[in-house]
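S.K.: Listed here are the chains, written in short residue letters.
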Amino acid sequence: MAELYFCGTDMYHCLRINQKETNVKSVFKVPTSIQHVSEVEFNHFYAVYLKQSSQNQYSWFMNGLGLSETQIFASALLIKDVAACKNSIVGLSEDGSLYRIKLEADDNGELLFLKTSEIKTGEASSDPFKKVVANENQIFVLQSTPEMSSIYMVEDNLVLVAQFPDKYIVEFSVGLGHFVALSDTGALWNWGHCGRSELASSTEMNVMTVIDKPRRVEFFDDLPCIVVKVSCGGWHTLALTSEGDIYSWGWNESGQLGHNTAVTSRSDPHPVDLGSAEDPVVDIAAGSRHSLALLKSGRLFSWGRNKEGQCGFGSKDSSGEPVEISKSWNGTAAKIKCGKWSTFISVKV
Amino acid sequence: METSAPDSYPPSLVELLEGAFKETAETPTSQKRLRLASQADKELPGIPPDELLNDPFIQLALNRLLKSLKNVFLNKVTGAAVGVQDDNDSCKISTSPSEEEKGCANQVLVEKALVELSSLTNYTWEQLNIGHWKSVPRIWRKLYTCLAILKVCFLVLKRSSDIEVIKECDMGILMGEPICQNVLSKIAEEISSRISISANPKVNCNDNTNHEVMTMTPTTSEQEKVDLVERGKVVLKNKSSNEFEVTLAKKPSLQEFLSFMNTETPALLSDTINHWPALNKWNVEYIHRVAGFRTVPVEVGQKYTSEDWTQKVMTIDEFINKYMKPSTEIKCPDDIGYVAQYHLFRQLPELGKDIRVPEYCTLGSISDNENVEINAWFGPADTISPTHYDPNHNILVQIFGSKIIRLFPPSESSKLKPHPESSLLFNTSQLDVEQDDLFVAHPEMKNAKHCDIILNAGEALYIPPKWWHYVKSLEPSFSVSFWFE
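Which chain is which? The protein sequence lines are E and S, in order.
Residue numbering for the first sequence is 1 to 349, as defined by full-length UniProt numbering.
Residue numbering for the second sequence is 1 to 485, as defined by full-length UniProt numbering.
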């Protein structure tokens, strides 16, 4: 049995969190009307969540500005993974097909229309899709086998973004302008904008330059461990190693790198000082300008921007170094996830 | 000073907003409010045009905000029943509300709107920071200004302080686009003319003496000039064997100036800006006094090519206190702040009145003052613009303080090793002319043709197109550059 906790702002009542409560507490339980949620995507204007019910495993709902709770994707489609951006939602079904809901306002900008359609895979090979990922503006899908991995942008059709022959990409994360892919062997690639040091070990600092081909990050090759998970914030990246350490790089405008330094950006990955060997980091998550780490013991640390309360501190001050979130729940934090300016903590009761 | 083309946008909202602020420090009168409300309702959604169709939620949010703006206006004026939509609000209103209840409901609406506007502004700010400023779709900058206009409307309803309103106007001006006939600049000018004298009493106290001193010595004395030349030699080493003297021209005629342009000859011009009010009027204290609470972009770090270089937004008061206070300690690059290449006079037309576009600018291929790009460069000693060139003619005018400038003709380009053509810095040299072992690392620089110029207050330097220049301030300095084709 899991309970969902939240910190950040919920201005449009997407999660039915009482605004009054957010002024008093820093971390609060998501109301029971939205409990039994196992997956949630939240991008400020609306939230998409998977409610578990005994009859059906895959009941997705959306709620937010201009909407009341609406069921999306017919249960029969067996949608297991969803990514949401400003104007569309893409669902990945159990059999590996893609469905897209386009969000449109009417001419007066008053009413939202939801149009569902299946995405034609077209040129893409018949290999199964693995994962859908979104930033605010676009949605991407990862298709991978040990022989070939591809990343596409999902629009009316699929647009190829990057291809990795002979590589098995298992993790893929996207910032507002940069991309990171991780293979089964722990090899890392990144590409995209680099003006705010988004790309690891890149000597290019030019804000105009866009690296359009994946570039291998060699920094981790010399370490005795491999990268097992990556998470992109808006302009920064967190990488979790098999030793349970976090490395971060990119923009440090709000202290989101957690290095306790005034440096505004850095492209050289640098460890975040956290916990110890006995209590390694087991999960990471990055929001637009904040970061989160879950330790094996269930302790949670966050750093970066906190103006919207996304770090879950008592104050609304941002922090350039990790601060432990004081535990206000019964049970153990088991899963973490960041929205744009928010944080979700899934607690095992 | 205003160079942007007139907006096709109907002026009524602009006029109303201006009128509202002109009256007194009070909020607008009821009748004007009503008109403003209906205009805002009709026109503001037109500001972010069809491009926003891609963003249904922002459209929705803007529509709602406009509705609540209208509600607040209308409720005050007509006394219509107030329906507060949100069940979370403490202010529940009956169908026949008392004045007090209406006021409370309006206050709640205004507060909620301001919170929502600041999150939408934050959302837009993040979009503005994806990739390079120049490649960001214009719609986001328009939206930023649109949100600032809405914020100003709500701040006025809230009876916020002038300083708060001005700050909002400035952010809308410097992050956004001059939509709506640059209404934000007009509002800010109107308010600042009202409050400038009393805004910074601390500065006013000791201003008189300083101002007098500056009036008596508007330009640099002969002895000071000699001292500066000596300092310049120390500051700028690595003189090549191929140094030449800059052409001096005392108040050249248009004919003479045209020959400098035609022969691509840089020239140090004296006695050409004696008639500028700025020359006798401006100093650090004066800028502080008239514009202390205005918000401007500041470049932090010694050069724009440094890795730790960044841009911050702060008020001129904060800028002067942080970066222009004399300090005996050796500065680290982080301590250098520079208001550089900024269209300050578009934001502060009242300062623009103290300068004149040089007549020489009419000699360009487009002899129209509208096509002259005017930028302000205001900062402490030791600000550096690394060796670079600009595509247009440039008249760099020194209003106070002094700068040292090293010029290289376009023929020396290959020696200066520009950044690759594909990069944004294609017009910037990869060399640091101050580097100790420059001649060892780059022996070809030993005979690079160049000249060194000290630009003093009251003087102007003509830099022909494509001429490389390295610029460093020797003391607190204010320069204005005029770029023309």
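Treat each hint with caution, since some may be false.
[Unchecked claim] No more than 25 Å apart at the CA atoms, straight line, and that leaves these computed lysine to any residue pairs for SDA-like:
id	chain 1	residue 1	chain 2	residue 2
1	E	K51	E	D107
2	S	K322	E	K51
3	S	K233	S	P476
4	E	K316	S	T315
Hints listed in this document are in silico derivations from the structure and should not be mistaken for laboratory results.
None of these values were measured; they are calculated from a predicted model.
S.K.: Determine for every hint whether it applies to the structure shown.
M.R.: Status of the hints after comparison with the structure:
1. Taken as a hint, the K51 (chain E) and D107 (chain E) pair is broken in the structure, with Cα atoms around 33 Å apart against an allowance of 25 Å.
2. Simply put, K322 (chain S) and K51 (chain E) have alpha-carbon atoms about 53 Å apart, too far for the 25 Å limit, and the pair is violated.
3. Between K233 (chain S) and P476 (chain S) the CA atoms are separated by roughly 19 Å; this keeps the pair inside 25 Å, and the hint holds.
4. In summary, the hint linking K316 (chain E) to T315 (chain S) is supported, as the alpha carbons are separated by about 23 Å, within the 25 Å threshold.
Violation of the numbered hints given earlier is confined to hints 1, 2; the remaining hints are satisfied by the structure.
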